[in-house]
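Here the sequence shown is numbered in the working numbering, starting from 1 and rising by one per residue.
These aren't lab readings, by the way, just hints derived from the structure by calculation. The reader is advised that the hints may include incorrect statements.
Ranges of calculated distance between the beta carbons of each label pair, as one might list FRET restraints [to be verified]:
| no. | residue 1 | residue 2 | range |
| --- | --- | --- | --- |
| 1 | Arg186 | Leu462 | 20 to 26 Å |
| 2 | Leu462 | Asp536 | 35 to 41 Å |
| 3 | Thr310 | Leu391 | 21 to 27 Å |
| 4 | Leu105 | Trp239 | 35 to 41 Å |
| 5 | Pro479 | Pro295 | 51 to 57 Å |
| 6 | Phe270 | Trp43 | 25 to 31 Å |
| 7 | Ile119 | Asp508 | 36 to 42 Å |
| 8 | Gly470 | Arg542 | 17 to 23 Å |
Below, simulated DSS-like cross-link-like pairs (lysine-lysine); rule was C-alpha separation at most 30 Å, straight line [stated by the list, open to error]:
| no. | residue 1 | residue 2 |
| --- | --- | --- |
| 9 | Lys552 | Lys91 |
| 10 | Lys466 | Lys293 |
| 11 | Lys552 | Lys492 |
| 12 | Lys552 | Lys289 |
| 13 | Lys289 | Lys314 |
| 14 | Lys492 | Lys293 |
| 15 | Lys289 | Lys91 |
All C-beta atoms, glycine included, are put in the ideal place defined by N, C-alpha and C.
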Amino acid sequence: MTPSAYGGFRSETSSGTCMWTTKNVKPPHKASDFSIPPLRWWWFMLPIVVLAFVRDLWASDEPRYGEVAREVYEGGSFLVMHLCGAVYPDKPPLLFWLSGLGGWLTGWSEWGLRAPSLIATAITAWLVAVLARRWWGEIEARWAPVLFLTFAMVTKIGGRLQIDPLLMVLCVGALVVGTAPTTDPRVRTRGLLAAGLLVGFGALTKGPVALVNVGLVALAWRIFVPDNEERQPVARWVWPAAAVLAIGPVLVWALSAAVVEPKLLEALFFDQHVGRITKADRHPGPFWKYVVKLPVLLLPWSLMVWVGFTASWKQWRNRTSQEFDRGLVRAALWLGVLVLFYSLIPPKRDLYLLSAYPAAALLAARALAHRTREGRLERWLGFGTAVALALMGVALSGVSFFVDQVDGLWWRGPVIGMPLVAAACGAVWATIHARPGVWARSVVTGWLLFSVALGLFIVPALDPLKSSRGLAEELAARPENPTEIPCLGRVKPGGFRFYGRIPTVPADELFSHLERDGKDFLGLANVKSWEGLSADQRSAFRVAAERTVGGKNFVILVAAED
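Produce the complete structure using the sequences and hints provided.
Shown next as structure tokens:
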């Protein structure tokens, strides 16, 4: 036994796993200590799967990505992406290839398009468990993937048709295989080459950001918490080969696409990465945005993540001791460098940080496992989380007093809110009795029930309000037969084209379409853009109907009668 930097003592099993013991604290409970989650981690994929199956493509980016993926397979253009018939230069193709395959095999179902994200999130959870077991022990390995899957942000994004879940699994996979401890040069070589290839696929998913997500973290680990087993020498050709694998896939694709469509050259090699940072005109946000939003997006484990993060600083200060917890510091560096980088660049979206959430889960799992081994729980931590859950539960239970657009919200609100209130009650009891395992089980069970109820009872009720399906089908059923359907103003044509199989296109004006199609003209306009036209301009059209989708008001336009 050796003194622990956390306080008390730690001992090591024959396999090297750290088992924590303490003095001057209540001994941990035996049969009823509940030191591990109530279910295996894959059960906590359930809310994410439910959300992927019950809703149309109306979340941010989903209608656009779904249409791009469909046009890849129906148009047969795998090198140059298209959106509504026009060249789409914004993203590399890997997500569209994979999601398009899922959609093509399932008749363009939403869940088929989202399948790559679901698989990526599940594999990431498994990789988090691999790291937790490598760095610490079985309790951390059981909790880490559960905490990861129950972060509010992961529940929200994990099953969406989005680029970032796929990027996340490739980046985390690269870190796992590239830093695997070994004394065998051959194993080390295979790990580095595999890491390079995974980064390459990550770049084929979202461009150079994959190099950032892996490179910054690996560099921070190498500088601040090096591991002698990771310094195992390899042949000189290995590092250059890994670099080629990291940049080769996306470079080959970009050059090939630019040969087919020369106007992609500037977009792919400048505008979509360096240009976004230098121009700062896409998703701008203040430096402090993530610091403010992360506590919400990390619910219900925000405080536990903070505990793990602060403990890592104490470990860093004692890094010369035999008890130095290298894994804890590595998790903190992982989270810290990515938050810092994405805070420094002008564009900001919550999902940009998705690749940092595995690190947050590892921090929280280490802090929680330490408390279950010691049999203690700080009251500010236990009560603080309980209060957050209770406030959320009460607010959701009474949401019908403030929102009246959703049918049956008077009963739907309590159905999703009461599990959080019950979880808060269990957390309070466990905090009073210093039962950290019971506390964690109460929180995670309540959150699981809340998330499933949200997917079953709230999200389907939002579909008619948020989805473009209804309006798309209405446009498709109209008697006009236009060459194109111009969408004027803040109208995103991708969703309408996907659900209606109609020729919607973005438009800055309507008159060229009217001249071409005559009485077959059909258009869609945002109300504000429509009202911004002069009376003479509007007189050439007739408003056939007014509709609301996702809180935005639209008018369906046809040619004015003679």
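Enumerated hints in conflict with the structure, sorted upward: When the structure is compared with the hints, numbers 1, 6 turn out to be violated.
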